[in-house]
Structure formats: C-alpha cells, structure tokens
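Student: One-letter residues, chain by chain:
Number of protein chains: 2
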Amino acid sequence: MNPKIEKLIKLFAKLPRVGARGGQRIALALLQDKTGRGTALANAIVDAVENIAPCPCCGVLTDRGIGTCEFCRDASRQNGQLCVVRDLSDVWTLEKSSVFHGRYHIIGGLLSGASGVLPQDLNISTLPSRINDEKITEVIFALPNTVEGKTTQHYVMSVIGDTANVNFTELASGVPLGGDLDYIDDGTLSLAFGGRKSL
Amino acid sequence: MNPKIEKLIKLFAKLPRVGARGGQRIALALLQDKTGRGTALANAIVDAVENIAPCPCCGVLTDRGIGTCEFCRDASRQNGQLCVVRDLSDVWTLEKSSVFHGRYHIIGGLLSGASGVLPQDLNISTLPSRINDEKITEVIFALPNTVEGKTTQHYVMSVIGDTANVNFTELASGVPLGGDLDYIDDGTLSLAFGGRKSL
Chain L
1 MNPKIEKLIK LFAKLPRVGA RGGQRIALAL LQDKTGRGTA LANAIVDAVE NIAPCPCCGV
61 LTDRGIGTCE FCRDASRQNG QLCVVRDLSD VWTLEKSSVF HGRYHIIGGL LSGASGVLPQ
121 DLNISTLPSR INDEKITEVI FALPNTVEGK TTQHYVMSVI GDTANVNFTE LASGVPLGGD
181 LDYIDDGTLS LAFGGRKSL
Chain A
1 MNPKIEKLIK LFAKLPRVGA RGGQRIALAL LQDKTGRGTA LANAIVDAVE NIAPCPCCGV
61 LTDRGIGTCE FCRDASRQNG QLCVVRDLSD VWTLEKSSVF HGRYHIIGGL LSGASGVLPQ
121 DLNISTLPSR INDEKITEVI FALPNTVEGK TTQHYVMSVI GDTANVNFTE LASGVPLGGD
181 LDYIDDGTLS LAFGGRKSL
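Top line first, the protein sequences correspond to chains L and A.
The letter at position 142 of the first sequence is residue 142 when you use this note's numbering, and the numbering goes up by one with no holes.
The letter at position 198 of the second sequence is residue 198 when you use this note's numbering, and the numbering goes up by one with no holes.
Don't read these hints as lab results, they were simulated from the structure.
Don't take each hint at face value.
Because identical chains share one entry, a pair is satisfied inside a single copy or across any pair of copies.
[What the hints assert, rightly or not] With a cut-off of at most 25 angstroms between alpha-carbon atoms, the simulated SDA-like pairs for lysine to any residue come out as follows:
hint: 1; residue 1: K150; residue 2: Q81
hint: 2; residue 1: K96; residue 2: A75
hint: 3; residue 1: K96; residue 2: V117
hint: 4; residue 1: K135; residue 2: T68
hint: 5; residue 1: K135; residue 2: A75
hint: 6; residue 1: K34; residue 2: L118
hint: 7; residue 1: K7; residue 2: S112
hint: 8; residue 1: K34; residue 2: L143
hint: 9; residue 1: K7; residue 2: N43
hint: 10; residue 1: K135; residue 2: D185
hint: 11; residue 1: K14; residue 2: G36
hint: 12; residue 1: K34; residue 2: T126
hint: 13; residue 1: K4; residue 2: T39
hint: 14; residue 1: K150; residue 2: R25
Here chain L stands alone, though its shape is the one from the complex (with noise of 0.2 angstroms):
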C-alpha cells in the first residue's frame, strides 16, 4: 500500500471507535472526494489544536485568546451551584438535557489505582477557592457511579473540606426511565430498593 495513504489510515485508526477498517473507509473517502473535505477537516484540526485550551478557571474547553469559558463568563450562571464532572462530554451531556443552569467544573478524570491516576492529576487544587470567590452554595457531584468515580467523589469532597458553608450533593442512583427489571444489574437493584421513595 502507498506509504502515505498508510500512515493516514494508522493515524484515523488509532482515533476513539474508528479502527482499522473506519481508518481505510475513512482515508478512502477523503482521497476519493472531489469537494475540498479533507483540507477542510485538516484546517480545523490545526485551528482547533492551535488555538483551544482549557479555561483557566473551570476547565471547558475554550478559546485561548478570551480567557474564560462560555460558562464562567455568563453572569446568569452564577446562581451558587457547581457541579462536579470528569470531563468536557459529561458537560455536553448535561447542557443537553438543559437540567441544569449553574457552573462546572472538571477535574480531568478519575482517581485510580489500575490507571495510576494520582490527586496530582485532577483538576481540583482551585475548588476551595473557586468556592468561595464565586459564592458556590452546593456543588453538586455529576461523576460516574462506579467505584473510581465514587472514590474520587469522596477525595474532593475531603479536598473542598469545611473550607466553606457548602452543601454537597449527588445524582440520584436508580432503575433508568424505560429500565426492564430483567436487563438491571443486581448493584443498580440494590441502590433503586434502598432509595425507594414513599408514594
């Protein structure tokens, strides 16, 4: 095969679910058309690369020369609640099903042993202060329900400390909307019957 369409397929391969085969599909279609899209998707990346970082302040994704993200900058979202989440998808979950309208803060992954995640890694060292500048009330914990992300819930929470009059909460664990008993996993049963609301 031609060394550069290789190289070209190595690297799409090596991207989140594209593989092998999405890398040939993939090269193929950019080599085989005629109306520009690969030197467009190229532009973007470099212009993308180039000039996005993490917002100093919460860590979404940002343009570098503004300063603060979209979020920090928007006055209405001060509204004293913060919540918690591993990275910048969750945050465009939660935008999504507009639930909630307050800030974020993401601290870049989860503490863990297996992947040698270490406090270090996080992006939690400005939380106290970030709490108590902005007047946060309650920050709210958006992390995933397993075992790393409940570990790491409980490091932050020990981190923001008593260093504020905060509340802390978290998402409600349960049977999700249209969940068949039958497809539930015996750990997700347990959570649902011990937080079993009175009708």
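Starting from the known structure of chain L, arrange chain A on it as the hints suggest.
Tutor: Chain A alone, transformed into the frame defined by chain L:
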C-alpha cells in the same frame, strides 16, 4: 459549544461510520492530547490529499509524481490476468488474502439507476486498449454479488466485447466458509444449489 470545536465535530461526524457521538469523542481526544496527534493527523491529511491521485492506468490511488501505481509498475504482475473491482478497498481486501497476483482495474462504481451512476461515470473506456497492450488473457470480475454488480459486469463485458481473445470469469457464489445454512438467505442458497459440485 465553542464554534471551533463544533466545526471540528461536524466535519468528523460526516466521515464514514463516525457519526455525531464519534465525532465528539474524536474531537475531544485530539484536543486533550498532548503528544501532537492532531497536528500529525492534519499534516498527513494534507500530504495525502495533495499528493495522491488515481493511477492513470488502473485507478489505484498512488503518488501523483511517480505516474503509474505499484501494481502497474510491477512486471511480475503482468501474468495475463486482470481483476475488475469496484474500488480501492476491494483491492486491499484481495491483496490481504493473497489470492491474486495480476493487475487490477478499478471501475470506481457500479451502474445504478437509483444513484444515477451512468456508464460515463465508470473508469472503463481504457479497458479494451489495456487488454490489448498488456496481453490480458483472463478478465476476472470481483464486483459485488448484487443486481448492480452483475448489471455492471455485463455492461463491462459488452464494452470489452470481441476486441480481444480474452476469457471472462467471475468469483464463485455460494455458502461462505463457516456459514450455517440457518443464516443463509434464499438467494445465496439457490446459487449454492445451482452451482453444486460433484465429489
């Protein structure tokens, strides 16, 4: 969402088999990467898009500067066999299986009333002269085993016509290796029965 990121996601999402969620994952991975994968990918795209073009002889994508492709340059492949395929990914599939060691001819599509693909859209006008020049004795059709593939095959045969003393062959139809009769469609089963071999 940041417009630069949004644009990047949209361009990725339009690539084959990626889609909206895949585009998000890929854009995030590139933006959060610290090893320069984004820049490397952008450079590889530009390098390939600008320097790769179809081989003027057979249609295989190759370096624009060199002229003909690696298959057409390879004298050991001039064995009188010419394999007619739809596109480059079919060439890669055949190469991977090592079942064929002759020349290829990519026609670049299949005749289709529904998609509006007409004979002049196919790379077949040079086929008769190729067959003469390269002393082809067997034209092997490895087109998809569909109505459109068979229609195209018959059209290509009529174009080559009596220009040369050439044998036409096509890949065998039948039950795939490991194929369970329970999961085989009626059309394949009927072809497999019609083409049964004596033992």
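Student: Taking the hints in turn, state whether each one holds.
Tutor: Each hint tested on the structure:
In the homo-oligomer, the alpha carbons of K150 and Q81 lie at most 25 angstroms apart inside one protomer (20 angstroms), although the nearest pairing across protomers, at 64 angstroms, exceeds that limit. Only within a single protomer do K96 and A75 lie at most 25 angstroms apart by alpha-carbon distance; the minimum there is 20 angstroms, versus 59 angstroms between protomers. In this homomeric assembly, K96 and V117 never come within 25 angstroms of each other (Cα to Cα): the closest approach is 29 angstroms inside a single copy and 40 angstroms across copies. For the identical chains of this complex, K135 and T68 are intra-copy neighbours only, at 18 angstroms inside a copy versus 69 angstroms across copies, given an alpha-carbon limit of 25 angstroms.
Taking the closest pair of Cα atoms, K135 and A75 come within 25 angstroms of each other only inside a single copy of the chain (13 angstroms); across copies the shortest separation is 77 angstroms, beyond that limit. Taking the closest pair of Cα atoms, K34 and L118 come within 25 angstroms of each other only across two copies (18 angstroms); inside a single copy the shortest separation is 48 angstroms, beyond that limit. Taking CA atoms no more than 25 angstroms apart as the test, K7 paired with S112 passes in neither setting, with 33 angstroms inside one copy and 33 angstroms between copies. Taking the shortest Cα distances, K34 and L143 sit within 25 angstroms of each other only across copies (24 angstroms), while inside one copy they are farther apart (44 angstroms).
Proximity of K7 to N43 under the C-alpha cut-off of 25 angstroms is found in both arrangements, the shortest distances being 18 angstroms within a copy and 11 angstroms between copies. In this homomeric assembly, K135 and D185 never come within 25 angstroms of each other (Cα to Cα): the closest approach is 39 angstroms inside a single copy and 66 angstroms across copies. Proximity of K14 and G36 under a CA criterion of 25 angstroms is satisfied in both settings, with 23 angstroms inside one chain copy and 13 angstroms between copies. In this assembly of identical chains, K34 and T126 lie within 25 angstroms of each other by CA distance solely across copies; the values are 22 angstroms between and 49 angstroms within a copy.
In the homo-oligomer, the alpha carbons of K4 and T39 lie at most 25 angstroms apart both inside one protomer (15 angstroms) and across protomers (16 angstroms), since each shortest distance falls under that limit. For a Cα distance limit of 25 angstroms, the shortest separation of K150 from R25 across copies, 23 angstroms, qualifies, whereas the shortest one inside one copy, 40 angstroms, does not.
The earlier numbered hints that this structure contradicts are 3, 7, 10.
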